[in-house]
Structures are given as structure tokens and as C-alpha cells.
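J.: Okay, here's what each chain looks like letter by letter:
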Amino acid sequence: MTVIADPSSATTAVAIPPVALTAAVVVLAASLAAVVIVTLGYSLRADRRRRRRTPIRADLRSALLDRLYGRDEPAWDEWVATLSTTERDELESLLDVYLRELRGRDADSLAELGVALGIDERARRDIADGGYWERIHALVWLALLRDAPDRSLLETHCRETPRERAAAARVLYAAETTDLATTGIELLLEAEPRSFSVFGIDTLYRVSETDPAPLFERAAADFETWEPALQQQVLLVTRHLHTVVGGADLSWVIGALSNPEPRVRSAAWRALDAYGWNRGLRADIGAGSDRIADEPAPSVRASAYRALGAWGDTEAVTALRAAAGSEPDDRARVALARALFPHWDPDGPAPGRWDPDGPAPGRENAVGSDGDAVDPFDAAWRWTSEHARFDRLARNISGARTREVTRR
Amino acid sequence: MTALESIGTTLVVASGVLIVTYYLLINAGYLLIHVLALFELRDNVRESEWTPSFRAFDSPFYPGVAMVVPAYNEAATIVESVRSMLSLNYPDQEIVVVNDGSTDATFARLREAYDLELVDADVPYDVPAEPIRGVYRSRTHEDLLVVDKENGGKSDALNAGVWLTEQTLFCAVDADTVLDRNALLQVVKPFLEEPERAVASGGTIRVANNCVVEDGEVQEVHLPETGLPGIQVMEYLRAFYSGRLGLARLKGLILISGAFGVFRTDRVREIGGYRHDTITEDFDVVVRLHEYLSDEDVDYTVDFIPEPVAWTEVPDTLRTLGRQRRRWYRGMMETVVASRRMFFRRAYGRVGTVILPFFTAAEALGPLIEGFGYVLLPIAWYLGILNIEFFLTFLLLTVGAGIFLSWFGVLSEVWSYNRYESPWDVLRLLWYGVLENFGYRQWKTIVAWHGLIEYLRGDQSWGVMERRGFGTDDEAAPPSAAPGATVTPGATATTAGTETARSAATATDETAATDRTAANSGFVWIDWLTEASDTDGLRWLDRIATEEAPGRFAPVTDPTVGAGDGGFVWTRDFADSVGDGGFVWTTDPSDGAGDGGFVLAPDADGALRLIETTAFTDGVGDGGFVWTTDPTVGAGDGGFVWTREFADGAGDEGLVWVVDAFGDGDD
Amino acid sequence: MNQPCRRTVTKSAVIADDDETIRSILQYKLSNAGFDLTVCHDGEAGREALNDPDADPDIVILDVMMPRLKGTQLLRTVRRGELAVDPDVPVIMLTSRGTEDDVLEGLESGANEYLTKPFSPNELLARVERLIGV
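Protein chains in written order, with this note's numbering: chain E, -7 to 400; chain R, 123 to 789; chain L, 1384 to 1517.
Looking at chain E on its own, in the form it has when it is part of the complex (with noise of 0.2 Å):
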């Protein structure tokens, strides 16, 4: 481009060469027609498809639902030998839909059908030869068809990335395997990720339910080497697994009640929350009251509330009266009060200054005894028993719709 500037002459032009241009113009055309064309195409192709495919989906599901239930012997490898393509290709759809929502001896018929379709062995073969996207469909595949493969090939293969490690994880724990709860430990953990996905946890929470301690031994051993965010997540974990913990060895989540992170302190107390029972643990951590107050972040402070709510003991509900006068957070004494409503005992003493039968904290312009403003905590509680009894309205399935007023 050209700028051609002459004070003498009458015009003064911008020349754009003629075959830039052109040549601009040409591309441009060029590409819209082609974005048109390719637009249209794929269009077209996916309204044909889905037009021949929902008959056959249909048909298909009948069929499939009548061999199910409605002989004694399903048949599938003589049925799936008269498929096309196209059907066996809707038929692995339908059966991946059915694979999640069945269990039982219906589930391993559907899975026959897997086999029939070759399923099983293209996803090994996936595995062994493909790259990531089809090796985590296989993952998949072969957890619905509760179908494990040899070890070496997960470990030679499925070790790369977590998502991968979880995927395989899986496949044993929909398998049941004997060894699910060692390679599936060792699959998730050894790797020391810096954190898990939802997927991960829950993968490591379902492994571990059927034996933790290999993920107890782990832990006992590695915690203190692990990322804050992988320690917080394991302990979220460890919450849910008291039924199953026997005579494992915590002292790692006593431990991690020190921790310098607040969240990983916060995840260790929740996860103690569901281990009252446990009369060592509790002799570990002690009266709790010195810890929780001399705890900086209010997060923690909550989580250990909740804690000692779950316990419900006398010491531990003890323990949060004490602890009611005094903590100066908001949303630490709402989760405070929530702790210790359960417990309250309409006969007791009262928590805080609130008397039940006085006149409503923080309704009025109620003043202290001592001429303060009205207790905090009161608020708190007030706050926390009225959402109780909406719960407890909302639940309600007795024929009069009343309004209840009393508290228990």
C-alpha cells in the first residue's frame, strides 16, 4: 500500500496494488465458500444420521429388553451376528446406557452381550496399542463390564496420568477384585499426585472401602511428604471410611491436627468427626478445648465444633459450652451452635444467655445484664434452631400440617 501524496496534483490517492487485492479478495471467497460447504455438510450428515439411527435405536431396545427378560437364554452372539455396522454401533450406545443402571445377574447377562459384541477385546487391544482418548474409553468400557484385564497390562500401560490411574483403579473396584484395594492403593498413590479430581477421591474412597489398610499404611508412612491439598483430600476420605477402619492405625490424623496448612488441620478434624467411638483416638487428641482455642483460623475452629457435635459426649458437649461464650468469629459460632443444638436439653442449663422462656435474643432491643448489647451467640442459636425446624417441617409426614413451635 501506497500512499502517493502530490500538493500539486488535484487528487491524492491511496493505491492498494491492484493484485493484493485481488488476491484478498480471492482468498477471502475462497474460505467462505469452503466454511459454507463444510457447515452445511456437517449439518446435512448429522440430520441424516439422526434420522436413520432413531428408528434402529428403537427397535434395538426392544429387542435387546426381550431377550433380557423376555427368554430364558438371551442369545446374543447368534443376534449380534445379523447386525450391521451401524447397528452393533447403536447397540454398544444402548449398552452402555443400560451397563450403568443395572446390577446383578441381569448386569452380567448385558456384559455376555459386551463379550458378543467384542467389546472386551478391543478395549484391551485399545489399551495396549492406543493413544490417551482411547485408552481411557476402554478404562471405561471395561469398568462397565466389570471385566479386569491383567495387571501387567494396566501397569504397563494406564500409569501415565491420574485420570488414567483412576480409570484403572476403577476397573478393579467394578470387577472386584482380590486385589483391589493393594494395585488400586498403589496405582493411585504411588505417583504421589499433587491432588486428586473428584473422580480420583471417590476412586480411592471406593478401593479403600473394601480394605484400607493399605491406604492406611500408606498414609501412616507417607503423609507428611505429601502435598497440602493430596493430605486434605485423603482425609476427606478417611472421614468416610470409620465403619471399616478395625484397628488401623490414625495417628497421622492426630498428627495432622498440627499441620501448618488451616485446611489440612480443617479436613483432620472433620475427618475425626465420625471416630467418637474411638476411646484411644480421643485420649490422642485430649480435652480438645486448648487446642480449639488456641486455634488462629476460624475455619479449623468450626471444623473442630462439628467434630465434637458428631461425638456428643458429655465432655465434648461440655467442651462447646465452654467454648460458646467465647468465640469471636460469625461463622464459627453459627457452626457452634449447630454443633450443640442436637444436644441442648430443654431442662439444662441454657447455652449462652438465652433464656427459652424470656423474652427472643436479638428480636428486640433486649440489653445485657451487664449493659451490653445482646449476646452474639444467642443470635447464632436462634438462627440455627429456627432453620432446624424448617428441616424438620419440610420433613414432616404427619397428617396435620401444623405449625410446630416447640423445639424438640
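These aren't lab readings, by the way, just hints derived from the structure by calculation. Check each hint, because a few of them may be wrong.
These stretches of chain R come out as covered by chain E in the derived footprint (C-beta under 8 Å, 3 or more residues) [as the list claims (entries may be wrong)]: (1) 260 to 274; (2) 362 to 374; (3) 450 to 463; (4) 471 to 477; (5) 519 to 529; (6) 548 to 560.
Note that the Cβ used here is the ideal one computed from N, Cα and C, for glycine as well.
Add chains R and L to chain E, keeping to what the hints say.
T.: Just chains R and L, lined up with the frame of chain E:
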């Protein structure tokens, strides 16, 4: 050629060169983003196809989400909207509806439909929002919470919701959006994959005009019949499928739509929640998140998921659309200016070094420059320096490239999720892509310039308007002020709400003393107004009662001179007005509908202001104006009605509201 | 909460689930076992079916996550006696919501049985028959 002419010519030529170069660069940038978007889309489709056998509903580790729904005057749609949200497919969900001081029956409808009851306790923590009148829970649906508070605008309502929930995540959603049933499950995916790093995630917004919506769900997807919404479909497709995806790929996603976005509650609280003095609070909050998290050196990610869709109605008239776009433009300018310290700073990653500057250049300055270019063309032609090649180049770069990019957006959609299934619809979309660049685009440059002027004028009226309503149909709000004492008994700006279909329910609000004489009439006392297009003046008069900008009533013969397109006339016949009532002056505040009215009262600094009150002793004189349908109620046998026809009243003049600094009204 | 032993041959059931797959499975399984079925696509349809004065199902199978009216809500309305159907009709909840809280909530709302998906249709049938008292 004179020296002046030659200078002029050189200037024009130089500008032309600049404009063309500018457009070359901008379009190159857009093209890059679009191409990257395709890659991101492919990854995204692959991701969404991978569904592990892990069950969300079974897992105790799935994050909980609170839907925060700010609602202002949504009586017609709020119940259905909440119902649709209640039936979203998600394991752990709660819904917080924030009634932002609605003046219609929004709250009453909610209360009745969901059997709400007051939570008899104060909120035990500090909530940075306008005072909360009450928190309500449903007796039948335990996951519904309704917050009734004083009006404070959308940001304020969002903040109230954010502070009152205890869920890890919250989803900001507009009251009139319809979500796909699985949308929530899909949009939280980034939080599932990387629970540590993900802080925000947004979905796609699509146009619901002409779609079949039943039971709170879009049952059938269709393209709108008319051109303007159709062009917007095109626009949204391009913005989401190319724009946002591309930005996400570049790790520079600065926009998450406020109509459908999920955020980490704790992070948003850390930055102080949504800001009040912005118009586009969604854009602002994401940019501030970027700024804060970069400052704190936190490893984070902001994602966009194309699959989940929130459907919303778009304006179908140029007028309402123009207003919406000017508002967006002003909001964008504000946020860009407020975040200027991030520009070109490496500390803020790509967002600072590349994205924000490009975005400003393309979206804020781009339309301005293009508009300038359109003006330049005839000048150049007049000066005889316009040659066909330059003109073609200009067209190529604006219209041609524009069509290409629009069609690219359609391609992305068809190739991935393909919600418009009929190839015929796709063809129409492509056609809209052409239309978008012939006429619509040019019109948008005018809107941009208009928006810029409004922004530079520091037009706070929009900000004020937002405090009362944040729908897309807001009429222009002229700045309001205390009336001057030019007219005796003071043209009290009382307002009446003429009924429209939506406000039929206004009358049921328990605290409004409504006048139900006629099927379509309904008055609510001044501070509950309906958003009705034909009650311009009545509505803006409400602003007069509460706002700060100076203005006064002036007698004129031309109704369009003042703010709004009408004014007040005195008449004995109230049927002549827009609506069926008017204002009479009286000493007894309960004479009219409602139990109060308006008086002129001197302010602390002596200025006379219009205030609504139930005690007429507050004002000048011993009476005030009340609204009524009966002209004989007040002293005298007539009163003031609002109308667009000044002939309607006695005499041929009327009173319009003029604002001191700006002689002409704004619209 | 068991119905007295019925002498009639035909047993009837009301099913409500928004998932086509589940509906198809239940339809096949239960009709093969001799049930007359009323199949509903969502909560509201279920409510109407249960509010029909002629309806007298022996068993009701509900999903929780349904559009328009959730299973737990529907169940509570039944137990409160607000619908035409017998408030004590045996109800099985069949749902993906399997966390502890969900199970407790389901049982509190009055479900006789709470089955989570993936489920075994044979087990379901066994539980149905036990509840009906056959």
C-alpha cells in the same frame, strides 16, 4: 489545492491508512482466537464424551452448589423459574432467591407458591448488602431460601446471596433464564477435574426467542422468526463458540456471563463480592478475580464449558436492544478503565499482557474506529481521494472478514454440539451471519459512540436505573432531581403504575393499597413501580423523588423536550392520560390510592426535593399530591396527568422535567 | 405397612421415573411378573396417577430426581394423606441418590425400601413381592 485542503487530505489519508492497518491487526487477532477455539472445542467434545462410571449422585465428594437468583420485579416468571431450578439434575443444590425490593408481586407469588415462612431470627453475620428485611424458608422445599431485602441493584442482591450460603460453589443466574436440566452437572466439570485450581466456570448463553419452553425446560430449539433476534443468535454463537473458547485456550478468559456462571464462594467473598457501582458486574468480578489471584500468586484457572446452555430472551426491537448495548458498552469501559493497572504487566499473565489490551482494542475501540471509518468514507469521496481499491479494502476487512468469522462461529457450533438440528436452520443462521455484517454491525458502531458519550458524561442515570431494575427492557432514565418551585402547588412527581400484563400481579402485593376499580388499572404507591414501556414519565418521576441530579419542571408546548417523551398537564378528565389516573393536590394523604403521596420538602442544603411520605406536614404547604382515578378527590376539580399529548389537558402547555445541565432529554 | 394378602390375580403398580432406560427395564421386569403398570414420566404425572380415585396400586416405585416434582416430595404428599391413594401404600424409592443423607431422607419421608442405582432388577422384584405380601 489550498493548504487547508491539502492538510485535510493528508489527515484523511493518514486516518484511512491507520484504520485499515488497525483492522488488519484486529482481524488477525480474531482469526487466531477463532482457530484456537476450534482446538479447544475439539478437546471439549472429547472431554464431554468421556463419562466414567462414577455416579455423581452417589459420591459424597461432589461439590455443593447454591443457585443465587437476584430478582427484581419478576412476578410473571419467578415461580416457574424457581421451579425449573428446583428440578435441575444435581446432587447437592440449594436455591437462594434474593428479592431485591421488588415493587410488584414477585415476593407474594413466591410466598404463595412455595409456602414461605419467615425465619424468626436475624442473620447472624455481616452481609455487605442493603438491609435485609427478612429471610424466608419454604415449608415444603427444604432447599429453597428466599431473602427479602431493600433494593440495592443486582450486584447487591448477588452479594446477599453469596454471603448467606454455605455451599462451596455458587451459580449466579438471572431470574428469567432457563437452564438445561443437566447444565449444572456439566458446568461444574472444571471443579471436578481440578478442585484445587478452578475458581470460576461459565456456560453458553443462547437465545430462547421462539423456542418452546415448558415446565421450565426448553423442549424444542428453534431459530427466531424475525431478523433482529436471529442476528443476535449469530452474535451469541460467535461470542461463545469462538470468542470465549479461544480466550479460554489462551488462558485468558475474562468474561463469564452473569446469566450463568459458577464461582468459588470463598474466593468471591475474598475480593469483596460484586461491586456496586458497575453496570456489568459479571465482567467486573471476573477481571477482579484475575487481578486478586495473580497478586496473591495463587495457581488458578477460569474455564468455559460450551456444552451447558442457559436460554434467555433477547430484545427484539432496536430501541430496547440499543439501550442494552449502550449499557454493556458503558460497563465495559468502566471495567477496562478500572483494571488498567493490569495492562501489559507480566505479573498478570496473559490476561494482562495480551488479552485485556486486545479486548479493549477490539471491543471498546474497534467499533469507534470503524464508525469513524464510515464517516471518513463520504468525506474522502467528497475530497476526491477515495478510490475504489481503498473502499474495497475497507469493506473486505470489516464486512468480509466479519462474515467469515461469523460463519466460522456457526461451523464450530454445528461441528460440536449441534443444537440447531435442522440444516434449514443452519442455512438461515448463515444468512443471519451475512445480515449481521450488513447493517447491524454499522448500527452497532453508532451504539458504541453513543455509549461512549454516555460514559464520558458520567451518566449515572444508568447506574441509578440499575438500582431499580436490571431487565433488558429498561427505559431511559433521565436524571431526576428536586423540582424547582416554578409551578405552584409544585408538580409533584408522583407516579402511578399503569398496568401491563406483567404488573397485573402488582395489585396483589400485600403492602400495596391497590386500586382495583378497573380490570387493568392498578396503582401502587410511588415506590413500587412497574416496568412498563408506556409509563415512561410516571416511572421516571419516581426517580425524581429519590435521586440527586438537579432538574426542574418547566412549562413547554413540546412534550418531547424534557426527559422522557411526555409531561404533565392539568385536566379535569383523567381518562386522557396514559393510565387512568392522575395526581391531585390534597391535604389528606389517604385520599388517593395508597396511604401516602408526595410533597415538596426542603433538603438540608435548602434545595426543594420531592419526597414520598405518609405525613403531609413534611412538605411545603400543608398538602401534597396523591394519585387517584377520581379527579374530584383533591382540592379543586382536576389534577395532573401524564401524557404525551399536550392537547389533552386544559391549555396547550404541559410541564416537562428538564435537567439543568442537559437541555434535551435523554433517551 | 404390608398390604393384607390379596386374592386377586392381577397386581398393579405405579412407576415414576424420568429416565427412559429405567422405565423400560421396570416395564419388562414387572409385566413379566404379572403386574399391571401405570408408567409416569415425571413427578407431576406420578402425582396425577396417584390421585386418581380409581387407582389402587399394590406398590409404588419412585425415582427421586424427576422434573416438576421430586420423588421425596411426592412421597411425603402420599404419606400425609393428601392424595387419593392409600397413605400406607408400600413405596420403594429407586434412585441414583445414594449418599447416607439421601438414604436417611428417603426413609424419613416414608419410603419402605430405598434402592440405589445401579440396581439389580431381581432384587427389586424380590423386595416388591415381600412388601406386597405375596
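J.: If a hint holds in the structure, say so; if it doesn't, say that too.
T.: We went through each hint and held it up to the structure:
1. 260 to 274: Three-residue rule met by the segment 260 to 274 of chain R, so holds; n is 5.
2. 362 to 374: violated (count 0)
3. 450 to 463: Result for this restraint: violated, n = 0.
4. 471 to 477: violated (count 0)
5. 519 to 529: holds (count 5)
6. 548 to 560: holds (count 3)
Checked against the numbered hints given earlier, the structure breaks hints 2, 3, 4 and satisfies all the rest.
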